[in-house]
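Undergrad: Residue-level listing of the chains:
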Amino acid sequence: MVKPGSSLRSFWICAAILVVLLFLPPVIPRFYTYILASIFVTSLLAMSLNMVVGYGGMFQFHHAAFYGVGAYTFGLLLTKTHLPMLVAFIAGPIAAALAGLLIGWFCVRLIKLYFAMLQISLGSLLWAIAFRWYSLTGGDDGMHGIPTPSFLFSSTHAYYFILIVFSACLFLMYLILKSPFGMTLQAIRDNPDRCEAVGVNVRRHQLIGIIIATFFAGVAGVLFVVLEHSVFPDLLFWILSLEIFIMCLLGGWFTFIGPVIGAAIMVSLRTFVGIYTQYWTLILGVLLIFLIFFLPEGIMGFISAKFSSKPGEGIERAVE
Amino acid sequence: MELSQSISFAALGGHFFVGLSRAMILFVVTSGLSLVLGVLRVPNIAHGSLYMIGAFAAYTISRLFGGGSIAFWLALVISPFVVAAVSLVAERLLFQHLYQREHLMLLLFTFALMLILGDLVKLVWGAGEYRSIVPPHLLKGSASIFGSSIPRYNLFLIIVGPLVAVGLWLFTNRTKMGKIARAAAVDREMVGAVGINVSWVFAFAFVLGCFLAGLGGALVAPTISVSLGMDHDIIIEAFLIVTIGGLGNMWGAMVGSLIFGLTQSFGVLFWPQFAIVFPYTAVVIVLLWRPMGMLKSVW
Numbered sequence: 004m005v006k007p008g009s010s011l012r013s014f015w016i017c018a019a020i021l022v023v024l025l026f027l028p029p030v031i032p033r034f035y036t037y038i039l040a041s042i043f044v045t046s047l048l049a050m051s052l053n054m055v056v057g058y059g060g061m062f063q064f065h066h067a068a069f070y071g072v073g074a075y076t077f078g079l080l081l082t083k084t085h086l087p088m089l090v091a092f093i094a095g096p097i098a099a100a101l102a103g104l105l106i107g108w109f110c111v112r113l114i115k116l117y118f119a120m121l122q123i124s125l126g127s128l129l130w131a132i133a134f135r136w137y138s139l140t141g142g143d144d145g146m147h148g149i150p151t152p153s154f155l156f157s158s159t160h161a162y163y164f165i166l167i168v169f170s171a172c173l174f175l176m177y178l179i180l181k182s183p184f185g186m187t188l189q190a191i192r193d194n195p196d197r198c199e200a201v202g203v204n205v206r207r208h209q210l211i212g213i214i215i216a217t218f219f220a221g222v223a224g225v226l227f228v229v230l231e232h233s234v235f236p237d238l239l240f241w242i243l244s245l246e247i248f249i250m251c252l253l254g255g256w257f258t259f260i261g262p263v264i265g266a267a268i269m270v271s272l273r274t275f276v277g278i279y280t281q282y283w284t285l286i287l288g289v290l291l292i293f294l295i296f297f298l299p300e301g302i303m304g305f306i307s308a309k310f311s312s313k314p315g316e317g318i319e320r321a322v323e
Numbered sequence: 065m066e067l068s069q070s071i072s073f074a075a076l077g078g079h080f081f082v083g084l085s086r087a088m089i090l091f092v093v094t095s096g097l098s099l100v101l102g103v104l105r106v107p108n109i110a111h112g113s114l115y116m117i118g119a120f121a122a123y124t125i126s127r128l129f130g131g132g133s134i135a136f137w138l139a140l141v142i143s144p145f146v147v148a149a150v151s152l153v154a155e156r157l158l159f160q161h162l163y164q165r166e167h168l169m170l171l172l173f174t175f176a177l178m179l180i181l182g183d184l185v186k187l188v189w190g191a192g193e194y195r196s197i198v199p200p201h202l203l204k205g206s207a208s209i210f211g212s213s214i215p216r217y218n219l220f221l222i223i224v225g226p227l228v229a230v231g232l233w234l235f236t237n238r239t240k241m242g243k244i245a246r247a248a249a250v251d252r253e254m255v256g257a258v259g260i261n262v263s264w265v266f267a268f269a270f271v272l273g274c275f276l277a278g279l280g281g282a283l284v285a286p287t288i289s290v291s292l293g294m295d296h297d298i299i300i301e302a303f304l305i306v307t308i309g310g311l312g313n314m315w316g317a318m319v320g321s322l323i324f325g326l327t328q329s330f331g332v333l334f335w336p337q338f339a340i341v342f343p344y345t346a347v348v349i350v351l352l353w354r355p356m357g358m359l360k361s362v363w
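Residue numbers (this note's numbering), protein chains in the order written: chain A, 4 to 323; chain B, 65 to 363.
The hints are simulated quantities; they were obtained by calculation from the structure and are not laboratory data. By construction, the Cβ of each residue, glycine as well, lies at the ideal position given by its N, Cα and C atoms. Treat the hints with care, as some may be off.
What the hints assert, rightly or not - To spell it out: a stretch of chain A is covered by chain B in this simulated footprint if at least three of its residues, at any positions, have a beta carbon under 8 Å from a beta carbon of chain B; those stretches are:
| hint | region |
| --- | --- |
| 1 | 120-128 |
| 2 | 282-288 |
| 3 | 292-299 |
To be verified - Calculated pairs, DMTMM-like style, for lysine to aspartate or glutamate (alpha carbon to alpha carbon, straight line, at most 25 Å):
| hint | chain 1 | residue 1 | chain 2 | residue 2 |
| --- | --- | --- | --- | --- |
| 4 | A | 83 | A | 143 |
| 5 | B | 186 | A | 143 |
| 6 | B | 243 | B | 253 |
| 7 | A | 83 | A | 231 |
| 8 | A | 115 | B | 253 |
| 9 | A | 115 | B | 251 |
| 10 | A | 181 | A | 199 |
| 11 | A | 115 | A | 300 |
| 12 | B | 240 | B | 297 |
| 13 | B | 240 | B | 251 |
| 14 | A | 181 | B | 297 |
| 15 | A | 115 | B | 193 |
| 16 | B | 204 | B | 193 |
| 17 | A | 115 | A | 196 |
| 18 | B | 186 | A | 231 |
| 19 | A | 83 | A | 144 |
| 20 | B | 360 | B | 193 |
| 21 | B | 360 | B | 253 |
Please build the complete structure, drawing on both the sequences and the hints.
TA: Shown next, in the form of structure tokens:
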């Protein structure tokens, strides 16, 4: 599956990209550092989703709910309590993972579309709480001007913080997907019945996969608050869930880095096309239709199929 | 004691009828979605957009004819056909090439279509103004039933819902086209093998499903403010309803709509702030109790 030397090459490419990103903020306008940071946050969210969708084969249709739980927990702890900020930083992802445990525990009992629909209803309950509990969450207005730690207040510092956390999370996710656990998860995706037959506890593996993925979604939620200083119910709305699902499909959901490409395209389209026209979703829609007709494996799927030595390797779901 | 007084029998009855009429609108929309799911196996996210187009078309048509009673009836009859025409174009141009693709790709495709249709509605009708349709003279005001006063328009909806159900049942069980569509839902290769042009059967089923979405939009128009975002509001509810009812089962769509509509309206009565929680909780309970839906799914 992995060509000899190719993981070393990928390592150097990643290191080079990281170095470039570290030296960008003094060079480029502040607006672009903001866009980049926004892409990192969205990418982390999309990649955490892809852990369960692309690698786990589960129809995780309401992933944004966990993103929102992470963001709201962080925001609420900073606004309403005087706990040390480190506690708030850790509590966000933990709360998201707990929500993942709770919702996932029900969802893994079902499969495919039924899994998806159960998760949408359970996630919508969380959304309803954020949307209607005015006294706690600010209702449909959300909360703005959240007092994030002062060392993160400058946009450059926020950029560096987000970049470092994002890179660390990416590395962790890569290790998890390469571990025996990650391999088992992919085996379950490809043939759950056979895994069950050889003694793998399918549901437990799926549930652990969901908990890990929702943890990282919670991290993304915390980073969102660091970047935007606000939370609002749309973070938990199913439209966002569908959007990040689309990012995975757009970038190529059988590749590790695909969701980053998908997220970058979506965020850039929204930002740069959004400047010229309010109809950017129309353009996104047309783009998606072209993609479905001509690049059904997603952009990264197409690239890795094109450039791999063996034909069709991109479709072979290689991690590389 | 105070509680039992505030929730009187009349209030219960009122909420029951409001919930019932809401359920009938949901049924008209979801029966179309269910038909498309059952026959074509397409999870059509753009179904909500077609419902929205139905409502906007009804608004424009009723304005065009002066906004009176006749204008309303014309709007109700014409706008579903407008939606059907839009869906026919989409089907022949795009959908028919994609039926063999996996569900996730179809989902992505219909999501793209939802984005496009949503923006097209914004382009054609604009985002701003407040739009509403006045119900015709015959259906204005309210009637008193069991001591609770019910808007006549809601009673009209409660009559229309079962009529649509009966019509759809007659179509699928008594017409040749309907029988072919049902057969195609079970085994499309076999239907093709005996020499029937499956492509047009699919097109017809798709257009009929979208027609129902348009009819739902036209029916709901007098009860709400016609606005952008209607597509988002209904589509997730519609998918939950067809899932708890049993995918592709028309009576399942009826059962699901009743569960959803009634829990929603009684939720308003018991805990207004969190009324939105009740239908979702009902869906969770149904799915955990009967994961494949209340009635038999054709999937």
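Undergrad: Is the hinted pair residue 115 of chain A and residue 251 of chain B satisfied, with a Cα-Cα distance of at most 25 Å?
TA: Satisfied, since the Cα-Cα distance of roughly 21 Å is no more than 25 Å.
Undergrad: For the pair we were handed, residue 115 of chain A and residue 300 of chain A, check the Cα-Cα distance against 25 Å.
TA: 20 Å, holds
Undergrad: What's the verdict on residue 240 of chain B and residue 251 of chain B, does the C-alpha distance respect the 25 Å limit or exceed it?
TA: Holds: residue 240 of chain B and residue 251 of chain B sit about 16 Å apart, inside 25 Å.
Undergrad: Would you check chain B against the region 120-128 of chain A, counting CB to CB pairs closer than 8 Å, and say if three or more residues qualify?
TA: Result for this restraint: holds, n = 7.
Undergrad: What's the verdict on residue 181 of chain A and residue 297 of chain B, does the C-alpha distance respect the 25 Å limit or exceed it?
TA: 40 Å, violated
Undergrad: Check whether the Cα positions of residue 83 of chain A and residue 231 of chain A lie no farther apart than 25 Å.
TA: 18 Å, holds
Undergrad: Taken at face value, is the distance from the CA of residue 193 of chain B to the CA of residue 204 of chain B at most 25 Å?
TA: 24 Å, holds
Undergrad: Are the Cα positions of residue 360 of chain B and residue 193 of chain B separated by 25 Å at most?
TA: 44 Å, violated
Undergrad: Regarding the pair residue 115 of chain A and residue 253 of chain B, is the alpha-carbon distance no greater than 25 Å?
TA: 24 Å, holds
Undergrad: Would the pair residue 83 of chain A and residue 144 of chain A pass a check requiring their Cα atoms to be no farther apart than 25 Å?
TA: Holds - the C-alpha atoms of residue 144 of chain A and residue 83 of chain A are around 17 Å apart, at most 25 Å.
Undergrad: Residue 83 of chain A and residue 143 of chain A: Cα distance at most 25 Å?
TA: Given that 25 Å is the threshold and the Cα spacing comes to 18 Å, the pair holds.
Undergrad: With the threshold set at 25 Å, check whether the alpha-carbon distance from residue 240 of chain B to residue 297 of chain B stays at or below it.
TA: 36 Å, violated
In summary, the numbered hints that this structure violates are 12, 14, 15, 18 and 20.
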